Structure formats: C-alpha cells, structure tokens
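2 protein chains.
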Amino acid sequence: MKVMTFSHYKEVTEEILKDSYAIVIDLLRATSTMIWAISNGANVIIPVENILEAKLFKKLNESVLLGGERGGLKIEGFDLDNSPLSYKKEVVFGKAIVMTTTNGTRALKKASFAKRIFLGSFINAKKTAEYILKEALKDDMQKIAIVCAGTEKKFTLEDILCAGYFADIFKTCLEKIEVDDLSLASYELYKKFENDPHEILKYSYHYNHLKKLGFEADLEFCLKKDFVDCVCEYKNLVVEKV
Amino acid sequence: MKVMTFSHYKEVTEEILKDSYAIVIDLLRATSTMIWAISNGANVIIPVENILEAKLFKKLNESVLLGGERGGLKIEGFDLDNSPLSYKKEVVFGKAIVMTTTNGTRALKKASFAKRIFLGSFINAKKTAEYILKEALKDDMQKIAIVCAGTEKKFTLEDILCAGYFADIFKTCLEKIEVDDLSLASYELYKKFENDPHEILKYSYHYNHLKKLGFEADLEFCLKKDFVDCVCEYKNLVVEKV
Chain Y
1 MKVMTFSHYK EVTEEILKDS YAIVIDLLRA TSTMIWAISN GANVIIPVEN ILEAKLFKKL
61 NESVLLGGER GGLKIEGFDL DNSPLSYKKE VVFGKAIVMT TTNGTRALKK ASFAKRIFLG
121 SFINAKKTAE YILKEALKDD MQKIAIVCAG TEKKFTLEDI LCAGYFADIF KTCLEKIEVD
181 DLSLASYELY KKFENDPHEI LKYSYHYNHL KKLGFEADLE FCLKKDFVDC VCEYKNLVVE
241 KV
Chain S
1 MKVMTFSHYK EVTEEILKDS YAIVIDLLRA TSTMIWAISN GANVIIPVEN ILEAKLFKKL
61 NESVLLGGER GGLKIEGFDL DNSPLSYKKE VVFGKAIVMT TTNGTRALKK ASFAKRIFLG
121 SFINAKKTAE YILKEALKDD MQKIAIVCAG TEKKFTLEDI LCAGYFADIF KTCLEKIEVD
181 DLSLASYELY KKFENDPHEI LKYSYHYNHL KKLGFEADLE FCLKKDFVDC VCEYKNLVVE
241 KV
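Note that the protein sequences, when read in sequence, are chains Y and S.
Here the first sequence is numbered in our numbering, starting from 1 and rising by one per residue.
Here the second sequence is numbered in our numbering, starting from 1 and rising by one per residue.
If you're looking for bench data, these hints aren't it; they were derived computationally from the structure.
Hints may contain errors.
Remember, identical chains collapse to one label, so a pair may be satisfied in a single copy or spanning two.
Claimed, not checked - As a list, the in silico BS3-like pairs of lysine-lysine whose alpha-carbon atoms are at most 30 angstroms apart: (1) 95 to 143; (2) 126 to 58; (3) 55 to 134; (4) 138 to 192; (5) 115 to 211; (6) 134 to 154; (7) 212 to 176; (8) 95 to 191; (9) 2 to 212; (10) 153 to 176; (11) 211 to 2; (12) 171 to 211.
In this text, all values refer to a predicted model and were calculated from it rather than measured experimentally.
One chain only, chain Y, in its complex shape:
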C-alpha cells in the first residue's frame, strides 16, 4: 500500500488520484463539522462552492439547512456557521444540510477524481482508516491519497498533524506500507505532538485565527480523537454515512 499526502487540494490532479482512495482533511473545521453533523443524524450534506448555489438549494426546498463560513464566520442569511458545536442532534437530525466553506468544500470537489472519497478528522480517524483498509483490500486498491484542504493557498499544520495520525494508524495496521516524503514528515510531526497537539498548534496560523474569533471550544473539539463511530463518504456530490 502506498500512502501519499498533499498539503493543499490544489496540488492534486486526475492523474494522481484516478487509481486511489482519497481522504480529505479540513480539520478546522469543515470535515470535522460535517462528520459531527452526520454522526448527530443529519441525513446528507451537500457541499457547494459558493453562497449563491447554497441559497438556490434553499429556494428549491425550504427544509434544508444552510451552513458554512467565510473568513471563519457565519454567512448572512444562513442557518448555521462552521462550528461543529452548532450541529447538535436537535438541530440536524433527519435534515439535509447544504454547506459552503472556504477550503473544505472545494477540497472535496477537487478530490472527486479519486475512486472513493472519505472525510477525515481526528474525531473519527481510526474508524475511517480501518474501514478504508478493509475496503481497499476488497477492491485491490493500492494507493491512498491524503488530501489536506490547506488554508488560503498554504500548507496548514493542523491538517498535516491529522494526516500524520492517519499514517500512524496505517503503519500500525499494515505490515508493508510505502509513504511519500510528506506522509513521512506528517507522521513524525504527529508523533512528536501526539499527546498535546495544542503545544505546536498554538504557534500556527489558522488555529490562532479561530482562537481570536472566539472558537476555542471548537479547537478542543476538533483535536479530540476517535469519539465518533461513523465513517463519512463523499459520493455523487453528497456526503453520507457509509
């Protein structure tokens, strides 16, 4: 099995992904939020690239919820922001949610070249990694691409730490695993800060941006590991539980 990591979704192409499974990570906060919404009983999440598109869905069906952010904050006229803590069971159960975020939803679309696309986050990494390995074995799939969403145009540390956790789980589960340089670097960074990722993230860009906006509770939430049981897949333009 070969594991490749990409620090930004703009780096991936059809050529790279066509024979792979992909894991898309936008740890703070899009993929964490989507996974938590699905885990709380949302039926389906429809990621869209822009606000107009989201509003069109609402016009077509008033029962959908609109969620997402621009600049980390709730979009005017939307029902929900991009904080996982807003996606409580009483709000999302049985609902369809249309989401648009700066990087996460775009990363999912770009990853669509892959044979199957899964959502990654610390909150359900182990379940997701184990499911992917089981399916890859059945499917004779030899390549897994970890696609970090990145922030704006840049390398984003929290996504890389989460990618490193996936590499760690794959290394533990598989006897033979080939990793590219960024998977190797992510793994080593993750292991260095495994017990307290805040210790390094407190110096990082996006983590601090969210902290300044008052989302400390989200940071705590998104960095906790494996308290969610469901695995989420992006397929036919929507995110659902597998």
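Start from chain Y and add chain S according to the hints.
Here is chain S on its own, set in the frame of chain Y:
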C-alpha cells in the same frame, strides 16, 4: 521578521517574493554543489534551464565548464556531474561553470522575483543566515522566504530539514520572529532529527534515489553542517561569493 517556507519553487510568485529576501535550497545536490564549487575558487556559476543553453555557452567560450545532471546522472558531453565531490579546487579554481539541474537551477530562476537571492545548504547555513540577517537589518527587510526546490513536483524532506535549520538559526539570532506553518513544521522536524538527519531521510524518496545511484558520499557531505565559510548570492543571472 517574518519567515515563510515553500515546499516547492512552483509555489512562489512575484507577489509573494517582491518584498523579500529568498533562500533557495536544493540540498541534494544543486545548491550544496554550487556553494562548494564557489568555496573551492570557482569564479562564477551560471545556472541555466536546459542542456542546449549550457552547450551554447561552451561554444561561445571553450574555457567554461559544463556541470549538472538529468535523473541524477552526468549529462552527455558535460565536464562535470552534480556531485559536490567532483568540484575539487584543482578542477574549478578560477573557472566559470555553467550548470543545469532538474530542480535547483529552475528554483533559482523562479526565486528571482525576490529582492536578493541566496543559496542555502547545511554546509554553509549559519554563515548564510547570519549574513542575511545583517543585510536585512541594513536594508529594513522584514520578510525572508525559504524556497525549497522540491523533487519533481513534490515536497522533499531533505530540503525541509535544511529549511528547519535556517528557522532554528533565525530563532536563535532574533528576539522576535514570526513563522508560517511550514517554517514551524520544518523547525520541529529539524529539531527532532538534528543529531542524525539520516535517521529520517533513510525512508525518504530522493535520498534513496541517490543512494541507489551510488552517491552515498554525497549524502554524507551534504548533511554536514557549517564547514564552509562563504555566502553565495544569485544576482544578475549568476551565482557568486558575496
């Protein structure tokens, strides 16, 4: 002072670099080799992008030496490969050398948007970093961009470790330094493997590629720190000692 790191030269643009000093790193082996050649008395190095261009220089002036690689190996008709160990004093002293390599020479050209461009390697990192800080102070320059050449299209671990060493020196010399996420990650990775970078690089792509080609001695050479005193600058299309 703000330090930004880029994992591949293709990521940098005029917009990013125009108010910066740049350090270009192609540790294995282009920048290490150029620095060593200059340190051994080569007058000037002219980096060019392709083989034809290099051969044209030789036609114009037979005394120039042609150096470089494709696929890690010497180019047919060239005087020298890309191994620093080939650039001995008795070969290069007083000479002009035209070089073309897969990533390093292209990275230098791409970095030309910066106000000044320096060559980086472990072999002269401390001298280079200290010189840059001194000049930046005089010049009121607030941004340093570390531009890793990368291998093919990807993140390359040895360049990142060297970038981390530069970040380490900058942190030591300056009271206040702002780092982006990749500088922070590079610094932490470097510190983890500071005493033996081979320990992680033995799992990395390009290091192993060169090992298979028989260049073990180059790997040892390029990973030794600070035994070279000169600082090399790329200016008006050539590399010279500052």
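Hints and how they fare:
Taking CA atoms no more than 30 angstroms apart as the test, residue 95 paired with residue 143 passes in neither setting, with 34 angstroms inside one copy and 48 angstroms between copies. For the identical chains of this complex, residue 126 and residue 58 are neighbours neither inside a copy (34 angstroms) nor across copies (59 angstroms), given an alpha-carbon limit of 30 angstroms. Proximity of residue 55 and residue 134 under a CA criterion of 30 angstroms is satisfied in neither setting, with 38 angstroms inside one chain copy and 54 angstroms between copies. In this assembly of identical chains, the alpha carbons of residue 138 and residue 192 never lie at most 30 angstroms apart, being 33 angstroms within a copy and 38 angstroms across copies at closest.
For the identical chains of this complex, residue 115 and residue 211 are neighbours neither inside a copy (36 angstroms) nor across copies (34 angstroms), given an alpha-carbon limit of 30 angstroms. Taking the closest pair of Cα atoms, residue 134 and residue 154 come within 30 angstroms of each other only across two copies (28 angstroms); inside a single copy the shortest separation is 32 angstroms, beyond that limit. In the homo-oligomer, the alpha carbons of residue 212 and residue 176 lie at most 30 angstroms apart only across protomers (20 angstroms), although the nearest pairing inside one protomer, at 43 angstroms, exceeds that limit. Proximity of residue 95 to residue 191 under the C-alpha cut-off of 30 angstroms is found in neither arrangement, the shortest distances being 38 angstroms within a copy and 48 angstroms between copies.
Within a single copy, residue 2 and residue 212 get their C-alpha atoms only as close as 38 angstroms, which misses the 30 angstroms cut-off; across copies the closest is 20 angstroms, which meets it. Proximity of residue 153 and residue 176 under a CA criterion of 30 angstroms is satisfied inter-copy only: 25 angstroms between copies versus 33 angstroms inside one chain copy. Proximity of residue 211 to residue 2 under the C-alpha cut-off of 30 angstroms is restricted to the inter-copy arrangement: shortest distance 21 angstroms between copies versus 36 angstroms within a copy. Proximity of residue 171 to residue 211 under the C-alpha cut-off of 30 angstroms is restricted to the inter-copy arrangement: shortest distance 24 angstroms between copies versus 33 angstroms within a copy.
Of the numbered hints given earlier, the model fails hints 1, 2, 3, 4, 5, 8; all others are met.
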